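This is what each chain is made of:
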Amino acid sequence: MAISVLAIVVTRNLFSVIVLSGAYSFLMATVLVALDAVDVAMTEAAVGAGISTVLLLGALHLCKSLEAKPAHKPWLPLAVSVATGALLVYGALGLPDFGDPDAPIHKNVVPRYMKNEVEVPNVVTAVLASFRGYDTLGETTVVFTAGVGVIALLRRRKQGPEKASGDA
Amino acid sequence: MRNDLVLRVVGRLMIPSILIFALYVQFHGDFGPGGGFQAGVIVAAGIVFYALIYGVTATRRLVPDCVVETMVASGVLIYAGVGLAGLLLGGHYLDYSVLGHDPVHGQHRGIFWVEVGVATTVCGVMLKIFYMFTSRGNSED
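The listed protein sequences correspond, in order, to chains A and B.
When we follow my numbering, the leftmost residue of the first sequence carries the number 1, and every step to the right adds one.
When we follow my numbering, the leftmost residue of the second sequence carries the number 1001, and every step to the right adds one.
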């Protein structure tokens, strides 16, 4: 994964960047499978490696395939991202151990989720759709809004007075 | 790429299995990994695969824009409608326990419809974005 990230940073050909990020997504999906997060891994493989690669290729079709030379040296953004990464690693050091049964997140609502009063064997689905129904409704609305935004931005106006109004 | 025999045969084999797998992911999401979001994306991926082989124009005939746009909106409406159904049957908004004759059955029914809604919207949005991007620079077909 580190190799593919480095290659993404170094290379200037956007086509290979897209292919490399697809490969990165697949590697990420395998890592998630190894962490037993199969639902997330499936999403990562389908969205990250599948759909977004195709969408990026579609976008690449509209523009030049060679990245423009940056106008100035990237030291300030590099410093900011390194600092943020270091801060995140520092924060992660304070987290409880991986799989620690006494971790705080296993103490509050998780026992109720695990008791599984909705009797759906996949806890992820139960949490997503039932216990956190409002969140998922919000997420669906976000996806909907994204779609509407793309439609509003990219739709070609049909010439003609009857389609010109009320057509967002 | 319509005339490439290998691609056509592989596509004929793959696309139905992708769609069947999406249905499995959708309706088996209660028991195994998966759910509406993944299923929607997989359906969209299958249709995008079709578009890569047969061209966007053929795909737009197969899955027209009006269908896709209806899917985008109707998914959210299905989801919100499940919430309203709970409200009408005397529960809280998005409380599925009142949807069946006993709470567990009601939860199952609610989760099922909610996942259908999520899958519909996600699939519609993915396809719509794909159509939008590919139809802008239509020099290939």
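These are computed hints drawn from the structure, not numbers from a lab.
Be careful, since some hints might not be right.
Cβ-Cβ distance ranges computed for the label pairs, FRET-style [to be verified]: (1) B/Cys1066 / A/Val31: 33 to 43 Å; (2) B/Asp1102 / A/His61: 51 to 61 Å; (3) B/Ile1015 / A/Ile8: 26 to 36 Å; (4) A/Val5 / B/Gly1055: 32 to 42 Å; (5) A/Arg12 / B/Asp1004: 28 to 38 Å; (6) B/Tyr1093 / A/Arg155: 54 to 64 Å; (7) B/Leu1023 / A/Met1: 18 to 28 Å; (8) B/Leu1087 / A/Ile8: 45 to 55 Å; (9) A/Pro96 / B/Thr1070: 43 to 53 Å; (10) B/Leu1007 / A/Ala2: 41 to 51 Å; (11) B/Leu1023 / A/Leu62: 30 to 40 Å; (12) A/Leu66 / B/Tyr1093: 50 to 60 Å.
Reference excerpt, derived from the structure (chain B facing chain A, CB under 8 Å, subset only) [to be verified]: (13) Phe1021; (14) Arg1060; (15) Val1076; (16) Gly1090.
A few chain B residues that don't get close to chain A, going by computed Cβ distances all over 10 Å [claimed, not checked]: (17) Arg1008; (18) Ile1015; (19) Tyr1054; (20) Gly1055; (21) Pro1064; (22) Leu1089; (23) Leu1094; (24) Val1098; (25) Gln1107; (26) Val1114; (27) Glu1115; (28) Val1125; (29) Met1126.
Note that the coordinates shown come from a computational prediction; the quantities given were computed from them, not determined experimentally.
The C-beta atom is built at its ideal place from N, Cα and C for all residues, glycine as well.
Okay, the hints, checked on the actual structure:
1. B/Cys1066 / A/Val31: 33 to 43 Å: This hint holds: roughly 40 Å between Cβ atoms.
2. B/Asp1102 / A/His61: 51 to 61 Å: holds (54 Å)
3. B/Ile1015 / A/Ile8: 26 to 36 Å: Once the Cβ atoms are compared, 30 Å apart, the range 26 to 36 Å for A/Ile8 and B/Ile1015 holds.
4. A/Val5 / B/Gly1055: 32 to 42 Å: holds (34 Å)
5. A/Arg12 / B/Asp1004: 28 to 38 Å: holds (30 Å)
6. B/Tyr1093 / A/Arg155: 54 to 64 Å: violated (33 Å)
7. B/Leu1023 / A/Met1: 18 to 28 Å: violated (32 Å)
8. B/Leu1087 / A/Ile8: 45 to 55 Å: holds (48 Å)
9. A/Pro96 / B/Thr1070: 43 to 53 Å: holds (47 Å)
10. B/Leu1007 / A/Ala2: 41 to 51 Å: For B/Leu1007 and A/Ala2 the Cβ distance comes to about 34 Å; the hint is violated.
11. B/Leu1023 / A/Leu62: 30 to 40 Å: holds (33 Å)
12. A/Leu66 / B/Tyr1093: 50 to 60 Å: Given range 50 to 60 Å: holds, Cβ gap about 52 Å.
13. Phe1021: Violated. Min distance 10 Å.
14. Arg1060: At 14 Å from the nearest chain A Cβ, B/Arg1060 fails the 8 Å test, so the hint is violated.
15. Val1076: holds (5 Å)
16. Gly1090: violated (17 Å)
17. Arg1008: holds (19 Å)
18. Ile1015: holds (14 Å)
19. Tyr1054: holds (15 Å)
20. Gly1055: holds (13 Å)
21. Pro1064: holds (15 Å)
22. Leu1089: holds (15 Å)
23. Leu1094: For B/Leu1094, whose nearest Cβ neighbour in chain A is about 4 Å away, the distance does not exceed 10 Å, so it is violated.
24. Val1098: Consistent with the label, B/Val1098 stays out of reach of chain A, its closest Cβ about 13 Å off (over 10 Å).
25. Gln1107: violated (4 Å)
26. Val1114: violated (5 Å)
27. Glu1115: B/Glu1115 is in fact no farther than 10 Å from some Cβ atom of chain A, at 6 Å.
28. Val1125: It is violated; B/Val1125 is separated from chain A by about 3 Å at its closest Cβ, not greater than 10 Å.
29. Met1126: violated (5 Å)
Violated hints, in rising order: 6, 7, 10, 13, 14, 16, 23, 25, 26, 27, 28, 29; the structure is consistent with all others.
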